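Novice: Sequences listed follow chains S and V, in order. Under the working numbering, the first residue of the first sequence carries the number 7, and numbering increases by one thereafter. Under the working numbering, the first residue of the second sequence carries the number 406, and numbering increases by one thereafter.
Hints listed in this document are in silico derivations from the structure and should not be mistaken for laboratory results. Given the structure is predicted, the values throughout are model-derived calculations rather than measurements. Yeah, the Cβ is synthetic: ideal placement off N, Cα and C, and Gly gets one too. Each hint should be verified, as a subset may be incorrect.
To be verified - With a straight-line cut-off of 20 Å between C-alpha atoms, the simulated DMTMM-like cross-links for lysine to aspartate or glutamate are:
hint, chain 1, residue 1, chain 2, residue 2
1, S, Lys299, S, Asp570
2, S, Lys318, V, Asp458
3, V, Lys467, S, Asp323
4, V, Lys461, S, Asp449
5, S, Lys203, S, Glu176
6, S, Lys346, S, Asp361
7, S, Lys187, V, Asp445
8, V, Lys497, V, Glu459
9, V, Lys471, S, Asp312
10, V, Lys461, S, Asp290
11, S, Lys396, S, Glu234
12, V, Lys477, S, Asp290
13, V, Lys461, S, Asp123
14, S, Lys318, V, Asp445
15, S, Lys396, S, Asp449
As the list claims (entries may be wrong) - Coverage of chain V stretches by chain S, computed from C-beta distances (three or more under 8 Å per stretch; other residues unrestricted):
hint, stretch
16, 432 to 446
17, 470 to 476
18, 531 to 539
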Amino acid sequence: MEMLSGGDMLIRSLRDEGVEFVFGYPGGAALHIYDALFRQQDVKHILVRHEQAATHAADGYARTTGKVGTVLVTSGPGATNAITGIATAYMDSIPMVVISGQVASDKIGEDAFQETDMVGVSRPIVKHSFMVKHASEIPEIVKKAYYIASSGRPGPVVIDVPKDITSPAETFPYEYPKTVKIRSYTPATRGHTGQIKKAVQLLLGAKRPVIYAGGGVVQGNGSELLTELARKLNYPVTNTLMGLGCYPGTDRQFLGMLGMHGTFEANTAMHHCDVLLAVGARFDDRVTNTVSKFCPSAKIIHIDIDPATIAKTVVADVPIVGSVESVLTEMLALVKADDKTPDADALSAWWKQIDEWRDRHGLYTKPRYRTDGDAIMPQDVIRTLHEVTKGDAYITSDVGQHQMFAAQYYLFDKPRRWINSGGLGTMGFGLPAAMGVQIAERDAVVACVTGEGSIQMCIQELSTCTQYHLPIKIICLNNQALGMVKQWQDMQYDSRYSESLYEESLPDFVKLMESYGHVGMRVTDKKDLKAKMEECFAMTDRVVFMDIMVDPTEHVYPMHVAPDGSMRDMWLSKTERT
Amino acid sequence: MRRIISVLIENAPGALSRVVGLFSQRGYNIESLTVAPTEDETLSRLTLTTLGDEHKIEQITKHLNKLIDVVKLVDLTEGAHIERELMLIKVKASGAQRAEVKRCVDIFRGQIVDVTSSLYIIQITGTSDKLDAFLQAVGEAAILETVRTGVSGISRGEKILSL
Ligand SMILES: Cc1cc2nc3c(=O)[nH]c(=O)nc-3n(C[C@H](O)[C@H](O)[C@H](O)COP(=O)(O)OP(=O)(O)OC[C@H]3O[C@@H](n4cnc5c(N)ncnc54)[C@H](O)[C@@H]3O)c2cc1C
Ligand SMILES: Cc1ncc(C[n+]2csc(CCOP(=O)(O)OP(=O)(O)O)c2C)c(N)n1
Ligand SMILES: [Mg+2]
Numbered sequence: 007m008e009m010l011s012g013g014d015m016l017i018r019s020l021r022d023e024g025v026e027f028v029f030g031y032p033g034g035a036a037l038h039i040y041d042a043l044f045r046q047q048d049v050k051h052i053l054v055r056h057e058q059a060a061t062h063a064a065d066g067y068a069r070t071t072g073k074v075g076t077v078l079v080t081s082g083p084g085a086t087n088a089i090t091g092i093a094t095a096y097m098d099s100i101p102m103v104v105i106s107g108q109v110a111s112d113k114i115g116e117d118a119f120q121e122t123d124m125v126g127v128s129r130p131i132v133k134h135s136f137m138v139k140h141a142s143e144i145p146e147i148v149k150k151a152y153y154i155a156s157s158g159r160p161g162p163v164v165i166d167v168p169k170d171i172t173s174p175a176e177t178f179p180y181e182y183p184k185t186v187k188i189r190s191y192t193p194a195t196r197g198h199t200g201q202i203k204k205a206v207q208l209l210l211g212a213k214r215p216v217i218y219a220g221g222g223v224v225q226g227n228g229s230e231l232l233t234e235l236a237r238k239l240n241y242p243v244t245n246t247l248m249g250l251g252c253y254p255g256t257d258r259q260f261l262g263m264l265g266m267h268g269t270f271e272a273n274t275a276m277h278h279c280d281v282l283l284a285v286g287a288r289f290d291d292r293v294t295n296t297v298s299k300f301c302p303s304a305k306i307i308h309i310d311i312d313p314a315t316i317a318k319t320v321v322a323d324v325p326i327v328g329s330v331e332s333v334l335t336e337m338l339a340l341v342k343a344d345d346k347t348p349d350a351d352a353l354s355a356w357w358k359q360i361d362e363w364r365d366r367h368g369l370y371t372k373p374r375y376r377t378d379g380d381a382i383m384p385q386d387v388i389r390t391l392h393e394v395t396k397g398d399a400y401i402t403s404d405v406g407q408h409q410m411f412a413a414q415y416y417l418f419d420k421p422r423r424w425i426n427s428g429g430l431g432t433m434g435f436g437l438p439a440a441m442g443v444q445i446a447e448r449d450a451v452v453a454c455v456t457g458e459g460s461i462q463m464c465i466q467e468l469s470t471c472t473q474y475h476l477p478i479k480i481i482c483l484n485n486q487a488l489g490m491v492k493q494w495q496d497m498q499y500d501s502r503y504s505e506s507l508y509e510e511s512l513p514d515f516v517k518l519m520e521s522y523g524h525v526g527m528r529v530t531d532k533k534d535l536k537a538k539m540e541e542c543f544a545m546t547d548r549v550v551f552m553d554i555m556v557d558p559t560e561h562v563y564p565m566h567v568a569p570d571g572s573m574r575d576m577w578l579s580k581t582e583r584t
Numbered sequence: 406m407r408r409i410i411s412v413l414i415e416n417a418p419g420a421l422s423r424v425v426g427l428f429s430q431r432g433y434n435i436e437s438l439t440v441a442p443t444e445d446e447t448l449s450r451l452t453l454t455t456l457g458d459e460h461k462i463e464q465i466t467k468h469l470n471k472l473i474d475v476v477k478l479v480d481l482t483e484g485a486h487i488e489r490e491l492m493l494i495k496v497k498a499s500g501a502q503r504a505e506v507k508r509c510v511d512i513f514r515g516q517i518v519d520v521t522s523s524l525y526i527i528q529i530t531g532t533s534d535k536l537d538a539f540l541q542a543v544g545e546a547a548i549l550e551t552v553r554t555g556v557s558g559i560s561r562g563e564k565i566l567s568l
């Protein structure tokens, strides 16, 4: 058997696991590992400018490809800098393995230089973690880590590796395990057949059905099946923020996003539905509004791979624990085989009602924002982006109003095209995530929709884009404020703008871009928007930052009335509510 | 409702902290917790008592099951079971009190395991309720120190918690 040092073993294990890219940043406790990286070519390392960006880039890579994202950081500050990105991945169920250097085993617990209890610090935000006790354990631990991260409900796994373990001084026999079995871990796969049958009967008997599909459909590769099922039944579909793209956004059966900033038609249809099929969605509080008023007349079918999600907030009538892929396959077969078909009259009345809602306040039947003024409206920026990129770009985003506008107006027709932090809502996610996307998809058009607030949280990564030639397009909806915060202050605090304004302190983004060797453009006139954006996307090999001065007073609507509102209780504009 | 949950976990470093962490992270309460290795040295058995309604207990058991280190668990309170807790208690015992305390120990089937001229150390086992009742019988004024192990439990009859 081949003899390798711990450091070499670690990198070799990554190679044998099929890892192509590692996003990371070196430091003392990780130097043996970095030396092992240097002495091989198979695993490529992307040097970021901050460990938070390494995690977001690995996350963007994972969301795009469906593979596990890999991160390598040093101990102490390297490890703690990675925490925000680990929490982001955890909340959105993204597969990730984070390898952190640690001080030497005999120093642990002594407050050694750059010592942090990484396993302890990360414990509540990981699916699992390992501390390597001996070099010979490395191959098995790596195998287990990738298996745990990617199976069942995906999530981040930390491997903490003390420096002595990776020492080049000693070698051990190396063999990468072909399979792995963990006796205490058996993720669900197939759903219960009886439950699936029950669900199909309920579904076929519906008069006012809605399909509510979430991030689990994207992550679980269930989009095609879901689309086929929905089309076969001719049932309306709504997506969560995380599910966007799992059903074609431009399709007639699509009602738009639901939830706090969901469309009028999606939220109202949810409220009135009699059968709700929830697939790979977790009844988040941004979706349900007041739980006791949620879907008052609906029988609920809930498909999720994680039993703990079932009945966590909303109790389902037909819970099904299983992967979307397997459960939807079975459901589809049963629907096709059944003589029963949905009640055509009821369904056509339901569609008529939905179309009436669309007509009344829908986001896509006509603009629901001011179009006559001089200001550039943020909604128009996203619509122009959709037009210029032919709806086929990978869009990452940061967190705030710009994120909601992107979610509402960039109608995603394919899964894995919309990459954003939903559960944790991490400002600073967008640019590094876009790097991960561009590394996975070298020839794709990748744009990061951001705000002048969020972009400054990971702006150092412009330098990484230079180093690796990542021609990302940064579309900055510059409203000169922490807009989402300001909107809440307008609505709930009588416009007392406590710390949501920068007082003329914003950088000149155009000049900033130039100093990194990129292109900066400023758009202040509505008339220039489209032409400038075309110009931006024509520069296919450059990083371009569009600093677009949008209407600073605009709010995101619809917006749920809270507290105590139901799903159908919404603000539709600054003055109008349902 | 009070529940006794018995858990088999990998006898691995950090496993216990994951269980304890889960409870604080999700705002569940732990009334008592005992843990020790089993006859299979790769496994530890942990017994915890917690309070919560049906819904909360369901979430607790689901989240415990989700921990990778948890191999199996059972909610003992769902069926017939035996629960025991052990308590050591140091009480004042001088003059007339001495006989009084001794009588109380006998009634509760405890044992006096150490004696000085002014105090007894008493060992008593039973359900938590019985231990509480004993403390009440002896009276707060006499009690100098108590230590309880927390509840251990096992199902009655054929039902077995093992691999
Ligand atoms: C500013 C802001 C505003 C927001 N507003 C909204 C809003 O208006 N509307 C909205 O929807 N969200 C909104 N969110 C996002 C929200 O916080 C949640 O992140 C989101 O609603 C969760 O989406 P989801 O239910 O699809 O679950 P996800 O977090 O995507 O979870 C996926 C679920 O699928 C399951 N799953 C995973 N893989 C599989 C598989 N293979 N098979 C079966 N099940 C699987 C998982 O167990 C999990 O339960 C907002 C976020 C921010 C930051
Ligand atoms: C790291 C982090 N800190 C704070 C917040 C709270 N927050 C949510 S949106 C927002 C404002 C974002 O401003 P900007 O990026 O300019 O976007 P806009 O809302 O103006 O479009 C803030 C501060 C957050 N989500 N993430
Ligand atoms: Mg802003």
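Novice: It remains to establish, for every hint, whether it holds in the given structure.
Specialist: Going through the hints against the structure:
Pair hint S/Lys299 plus S/Asp570 holds up; C-alpha atoms about 8 Å apart against a cutoff of 20 Å. Under the criterion of a C-alpha separation no larger than 20 Å, the hint pairing S/Lys318 with V/Asp458 is consistent with the structure, at around 13 Å. Among the hinted pairs, V/Lys467 with S/Asp323 is consistent with the structure: their alpha-carbon atoms are about 18 Å apart, no more than 20 Å. At roughly 49 Å between alpha-carbon atoms, V/Lys461 and S/Asp449 are farther apart than 20 Å, so this suggested pair is violated.
For a cut-off of 20 Å, the pair hint linking S/Lys203 to S/Glu176 is broken: about 58 Å separates their Cα positions. Between S/Lys346 and S/Asp361, the direct Cα distance comes to roughly 26 Å. Violation of the 20 Å bound is thereby established for this hinted pair. At most 20 Å may separate the alpha-carbon atoms for a hinted pair to count; S/Lys187 and V/Asp445 meet this at roughly 19 Å. A C-alpha spacing of about 42 Å is found between V/Lys497 and V/Glu459, which places the hinted pair above 20 Å, so the restraint is violated.
Among the hinted pairs, V/Lys471 with S/Asp312 is consistent with the structure: their alpha-carbon atoms are about 8 Å apart, no more than 20 Å. Of the pairs offered as hints, the one joining V/Lys461 and S/Asp290 holds, with about 18 Å between alpha carbons and a cut-off of 20 Å not exceeded. The suggested pairing of S/Lys396 with S/Glu234 is violated, with an alpha-carbon distance near 24 Å, which exceeds 20 Å. Restraint check for V/Lys477 and S/Asp290: the C-alpha separation of about 29 Å exceeds 20 Å, so the hint is violated.
At roughly 31 Å between alpha-carbon atoms, V/Lys461 and S/Asp123 are farther apart than 20 Å, so this suggested pair is violated. With a C-alpha separation of about 34 Å, the suggested pair S/Lys318 and V/Asp445 falls outside the 20 Å cut-off, and the hint is violated. For the hint linking S/Lys396 to S/Asp449, the alpha-carbon distance of about 15 Å falls within 20 Å, and the restraint holds. Chain S is given as covering the stretch 432 to 446 of chain V, and this is violated because 0 residues of the stretch bring a CB closer than 8 Å to a CB of that chain, at least three being needed.
Counting residues of the stretch 470 to 476 of chain V whose CB falls under 8 Å from any CB of chain S gives 6; the rule of at least 3 is met. Under the rule that three or more residues need a Cβ within less than 8 Å of chain S, the assignment of the stretch 531 to 539 of chain V is violated, with 0 such residues.
The structure is inconsistent with the numbered hints 4, 5, 6, 8, 11, 12, 13, 14, 16, 18, although it conforms to all the rest.
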